[in-house]
Each structure stands twice: as C-alpha cells, then as structure tokens.
Amino acid sequence: ELLNPVDDVIVPRPVQVDGILQLVQNSNPVLKAALVIIEKIAPGAEQVTGEIISFNGSTLNLDPDADSVCGDLTNDLLVTLADELKILTVTIENSKAVITPGGTLADGQVIGMNGTCETDGSYHTDNVVIVDDNT
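Using the numbering used here, the first residue of the sequence shown is number 6, and each one after it goes up by one.
Rather than coming from a laboratory, the hints here were simulated on the basis of the structure. Hints are supplied without guarantee of correctness; some may be wrong.
[To be verified] The calculated label-pair distances, taken between Cβ atoms and stated as ranges, are:
{"hint": "1", "residue 1": "LEU90", "residue 2": "PRO34", "range": "32 to 40 Å"}
{"hint": "2", "residue 1": "ASP72", "residue 2": "GLY107", "range": "17 to 25 Å"}
{"hint": "3", "residue 1": "ASP72", "residue 2": "VAL136", "range": "14 to 22 Å"}
{"hint": "4", "residue 1": "ILE104", "residue 2": "THR124", "range": "32 to 40 Å"}
{"hint": "5", "residue 1": "ASP72", "residue 2": "VAL20", "range": "33 to 41 Å"}
{"hint": "6", "residue 1": "THR85", "residue 2": "GLN30", "range": "14 to 22 Å"}
[Said to hold, decoys possible] Within a straight-line C-alpha distance of at most 30 Å, the following computed DSS-like cross-link-like pairs (lysine-lysine) qualify:
{"hint": "7", "residue 1": "LYS101", "residue 2": "LYS91"}
{"hint": "8", "residue 1": "LYS91", "residue 2": "LYS37"}
{"hint": "9", "residue 1": "LYS101", "residue 2": "LYS37"}
Quick reminder that beta carbons are idealized off the backbone N, C-alpha and C, glycines included.
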C-alpha cells in the first residue's frame, strides 16, 4: 500500500529502510533507499525478524534475532500464519534491491514480520517479508 507522504506519514514513526549508505568525504552520509517501509503497526503488535527453522504450511518455527519476543525469552518462536498471508520478497544483489510481491517460505530463509503475541505464547502474523541477500 502506497502512502501519501503529506497525509499518512506522521513523525515520529518507525521505519525499515533497505538501501546503500553512501559515504562521501566532507559531507553528510546519504542513504539511497530502494525500499522504505513505514510502520503502521496496530496496538499490541510487535516486529520480529529471524531465520526460519522449519515451515509446515500454516505455522513456522523461527530463530528470532532478538533474545526476547513479546516480553518472553525465547530460543525459537512458534509463528501461526493467517489464511490470508501476504508475502513480499526483497532480493538484494549487486548493491541494489528488487522487491517482488509474493514468494515461497522455506527453511533457512531470513524473514521479518509484524504480528501479535498470543496468550498461548505463540506469535500470529498476516504478513512476511522474505530477505534474499545475495551480496
């Protein structure tokens, strides 16, 4: 979903940026971004990133990058996927990123998602970003 920068972007707001940091002597660094995701997280939602340990179609086990997810220490996290799951694939190679709607989840992939913590200790999401870094 594309946002209108004047109406939809309220500062401060968390963002995820995929790009290349350009360092030029005697000037400020510039981040050339191929992808900027502006968080529109619902109250109670939490962003999680990590590597898929196992995937079975409706759930996956994730090795999260953070030691704590939803306030609990975790080595692996059970993630339930919504029936209407939206997937976006970001392929990074040769200093540029190609963004493709869709994708196929598989063991070993690095992913990010926004979702909610469930009372049974699992995590539920309706969106996943696959990061295919070929650099």
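Subject >> Hint numbers not upheld by this structure, sorted from lowest to highest >> reply: 2, 5 and 6
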